[in-house]
Amino acid sequence: MKTLKILILIFFTCLPSLAQEDLMSLLEEEMKDDKKPDFTIATFKTTRIIQGHSVENVAPGVLDFRISHRFGYLNSGAYELFGLDQATMRLGLDYGLTKRWMIGIGRSTFQKQFDGFTKYKILRQATNGSPVTLSAVGSIMYKSLKFENPGIDNYQTSNLFYSGQLLLGRKFSEGLSLQVMPTMIHYNLVRGANDPNDVFSIGFGGRIKLSHRMSFNAEYYYQLPNHRLPDTTNSIAFGLDIETGGHVFQINITNSDGMTERSFISETTGNFFKGDIRPGFTISRVFTIKKPKGFSAEK
Amino acid sequence: MKKVICLLAFSLISFGIMAQGIYITRTGQVSFYSETPIENIEGINNEVTSMINADTGEIVFAILVKGFHFEKALMEEHFNENYMESGKIPKSTFQGKIKDLSKVDFKKEGNYPVSVEGDLTIHGVKKAVTAMGTLTVKKEGISVLSSFDIQLEDFEIEIPSLVADKIAKEISIKVNCAYKPKS
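Line by line, the protein sequences are chains A and B.
Note that the numbering used here numbers the first sequence so that position 187 is 187, with each residue one more than the last.
Note that the numbering used here numbers the second sequence so that position 41 is 41, with each residue one more than the last.
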């Protein structure tokens, strides 16, 4: 009788393992042990929130051709067709070197300026990993406009500007991403003797996804008092990112003139709330230059 | 004494059944292919986890959507963001059974044509599918090869009209997994 009891006991102990009714739960348990970081993707739609950099990078081997336009002030009246008669633009080429590192060059009509930058992801937001993405951006700008006073001693280095930024971003949910950007911009030459050569500011940016293919973006750069150029205002921008297959359209309004860090962060003069608003847009088109191996789908 | 032997034998048998018969892979490959005159799209996932119970014929797959990689980074982004919504629905699964298990001898090396029937869950939508495949028994384990087609609309994956002629309505799926006995 005792043996029978033991037998029954053993039978029941073994039963759960015998009845592997749900192989799926066994599989799920197996996967739980896998603690690989799951990197967050698509914090922002493109590499720029509106004018400034986002924590997004161009994928390795991908070239991003960006055409940006900025029109005149909306309050310039009907004679200027509310700003449409004046336009400045920037053409840019960005390229992804690795998963973390991208570079880019550009040319703006505003002050005939050349620019180049490098952006590196130091931390990547991930489930089982970092809660934020941290990137560093360094850029250099060169104004190639002819010197105002060719008669005096002019130095080419006085046309150079440098900017350094940290981008701290987090995708809080599918719909909401926010970013903070401490920024320093260095001027080799400033106009006034009392103007600072180093301009400090903190940027705030974010996006709200409206649908799979559209998002609302906002960006604001607060310049620290005593570390800013005289008679400048803080840059404000609102935009819509619209995705259409291979292109991303970014439509925006801002009070800034140029489209590089030095021009929009530290040299904005428009007063957004008095109607100094410039409409603008950017078209981004990506091309896969270096194809990853192992795919046969090529046509 | 007899009883004790009986007991031992019984427990050994039960333990044997417990450990035996389950095969696993964590590096299975599942790929899909969309063919249209304008563009072909291929997604490959090399980190598929799957298990087979040789005793019951059960076969299960769990696939992380983000594990699919593409020739173009933009395809991968659209796949995750717009179509599969991997942020919300990170996994696709298959839970099924080998129908003609009696034809397979897991102790004898060789190729066995099999048919698998079960529930495929993609984009959070469950659908019954049947797939033909080949099960190969080898010294080191077993491997499974299969291909079958699915309809995108069955899984409520919306394709906007703008890109409708670039994405096929019928997608072919290939499975290629090598299993080892689960320790």
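No lab work stands behind these hints: they were computed from the structure.
Check the hints yourself; a few may be wrong.
Unchecked claim - Below 20 Å or equal to it, Euclidean Cα-Cα: the simulated SDA-like pairs (lysine to any residue) are: (1) B:LYS166 - A:ARG213; (2) B:LYS174 - B:LYS108; (3) A:LYS209 - B:ASN80; (4) B:LYS126 - B:ILE171; (5) B:LYS99 - A:LEU23; (6) B:LYS138 - B:ILE171; (7) B:LYS126 - A:LYS112; (8) B:LYS180 - B:LEU101; (9) B:LYS180 - A:PRO37; (10) B:LYS99 - B:LYS166; (11) B:LYS166 - A:MET184; (12) B:LYS180 - B:ASN80; (13) B:LYS174 - A:ARG213; (14) B:LYS108 - B:SER143; (15) B:LYS91 - B:ASP55; (16) B:LYS91 - A:PRO37; (17) B:LYS66 - A:LYS112; (18) A:LYS291 - B:THR134; (19) A:LYS143 - A:ARG213; (20) B:LYS91 - A:GLY294; (21) A:LYS112 - A:ILE140; (22) A:LYS293 - B:LYS138; (23) A:LYS32 - B:LYS138.
Said to hold, decoys possible - Derived, one-sided and incomplete: chain B residues facing chain A with beta-carbon distance under 7 Å: (24) ASN45; (25) ASN46; (26) THR49; (27) LEU74; (28) GLU77; (29) GLU81; (30) GLY87; (31) ILE89; (32) LYS97; (33) SER115; (34) GLY133; (35) GLU140; (36) ILE157; (37) SER161; (38) VAL163; (39) ASP165.
Glycine is no exception: its CB is placed at the ideal position from the N, C-alpha and C atoms.
Now for the hints, and whether the structure bears them out:
Proximity of B:LYS166 to A:ARG213 is assessed by CA-CA distance (about 17 Å); at most 20 Å being required, the pair is judged to hold. Of the pairs offered as hints, the one joining B:LYS174 and B:LYS108 is violated, with about 25 Å between alpha carbons and a cut-off of 20 Å exceeded. Annotation: proposed proximity of A:LYS209 to B:ASN80 holds, straight-line Cα distance about 15 Å (limit 20 Å). Simply put, B:LYS126 and B:ILE171 have alpha-carbon atoms about 16 Å apart, close enough for the 20 Å limit, and the pair holds.
About 16 Å separates the Cα atoms of B:LYS99 and A:LEU23, which keeps this hinted pair within 20 Å; it holds. Distance hint between B:LYS138 and B:ILE171 is unfulfilled; the C-alpha atoms sit about 31 Å from each other, more than 20 Å. As the CA atoms of B:LYS126 and A:LYS112 are separated by approximately 58 Å, the hinted pair breaks the 20 Å bound. Proposed proximity of B:LYS180 and B:LEU101 is supported: the alpha carbons are some 18 Å apart, at most 20 Å.
The straight-line distance between the Cα atoms of B:LYS180 and A:PRO37 is roughly 25 Å, outside the 20 Å bound, and the hint therefore fails. Between B:LYS99 and B:LYS166 the alpha-carbon distance is near 36 Å, which puts this suggested pair outside the 20 Å criterion. A C-alpha spacing of about 45 Å is found between B:LYS166 and A:MET184, which places the hinted pair above 20 Å, so the restraint is violated. For a cut-off of 20 Å, the pair hint linking B:LYS180 to B:ASN80 is broken: about 31 Å separates their Cα positions.
Between the alpha carbons of B:LYS174 and A:ARG213 the distance comes to roughly 29 Å, so the proposed pair goes past 20 Å and is violated. With a CA separation close to 13 Å, the supplied pair B:LYS108 and B:SER143 stays within the 20 Å bound. A C-alpha spacing of about 27 Å is found between B:LYS91 and B:ASP55, which places the hinted pair above 20 Å, so the restraint is violated. Annotation: proposed proximity of B:LYS91 to A:PRO37 holds, straight-line Cα distance about 15 Å (limit 20 Å).
Taken as a hint, the B:LYS66 and A:LYS112 pair is broken in the structure, with Cα atoms around 43 Å apart against an allowance of 20 Å. Simply put, A:LYS291 and B:THR134 have alpha-carbon atoms about 32 Å apart, too far for the 20 Å limit, and the pair is violated. Annotation: proposed proximity of A:LYS143 to A:ARG213 is violated, straight-line Cα distance about 36 Å (limit 20 Å). Between the alpha carbons of B:LYS91 and A:GLY294 the distance comes to roughly 23 Å, so the proposed pair goes past 20 Å and is violated.
Between A:LYS112 and A:ILE140 the CA atoms are separated by roughly 14 Å; this keeps the pair inside 20 Å, and the hint holds. For the proposed pair A:LYS293 and B:LYS138, the alpha carbon gap of about 29 Å is over 20 Å, so the pair is violated. With a CA separation close to 29 Å, the supplied pair A:LYS32 and B:LYS138 exceeds the 20 Å bound. Interface hint status for B:ASN45: violated, as the beta-carbon distance to the closest one in chain A is roughly 12 Å, over 7 Å.
Of the supplied interface hints, the one on B:ASN46 is violated, with its beta-carbon coming no nearer than about 9 Å to a beta-carbon of chain A, more than 7 Å. Taken as an interface hint, B:THR49 checks out: its beta carbon lies about 5 Å from the nearest beta carbon of chain A, inside 7 Å. Below 7 Å, beta-carbon pairs count as interface contacts, and B:LEU74 has one with chain A at about 6 Å; its hint therefore holds. Residue-level restraint check for B:GLU77 holds (minimum Cβ-Cβ distance to chain A is 6 Å; threshold 7 Å).
Taking 7 Å as the C-beta cut-off, the interface hint given for B:GLU81 holds, the closest approach to chain A being about 5 Å. Checking B:GLY87 against chain A by beta carbon gives a least distance of about 5 Å; that is within 7 Å, so the hint holds. Hint on B:ILE89 is violated. Least Cβ distance to chain A is approximately 11 Å, over the 7 Å limit. Restraint check, B:LYS97 versus chain A: the minimum CB separation of about 10 Å is more than 7 Å; hint violated.
Interface hint at B:SER115: violated, since its Cβ lies 18 Å from the closest Cβ of chain A, which is beyond the 7 Å cut-off. Proximity of B:GLY133 to chain A is violated relative to the hint, the smallest CB-CB distance being about 17 Å (cut-off 7 Å). At about 19 Å, the closest approach between the beta carbon of B:GLU140 and any beta carbon in chain A exceeds 7 Å, and the interface hint on this residue is violated. Given the 7 Å rule on beta carbons, the hint for B:ILE157 is violated: about 12 Å separates it from the nearest Cβ of chain A.
For B:SER161, the suggested interface contact is broken, since its CB lies about 11 Å from the closest CB of chain A, more than 7 Å. Among the interface hints, the one on B:VAL163 holds; its C-beta lies about 5 Å from the nearest C-beta in chain A, closer than the 7 Å criterion. Look at B:ASP165: its Cβ only gets to about 11 Å from chain A, farther than 7 Å, so that hint breaks.
In this structure, the hints that do not hold are numbers 2, 6, 7, 9, 10, 11, 12, 13, 15, 17, 18, 19, 20, 22, 23, 24, 25, 31, 32, 33, 34, 35, 36, 37 and 39, in rising order.
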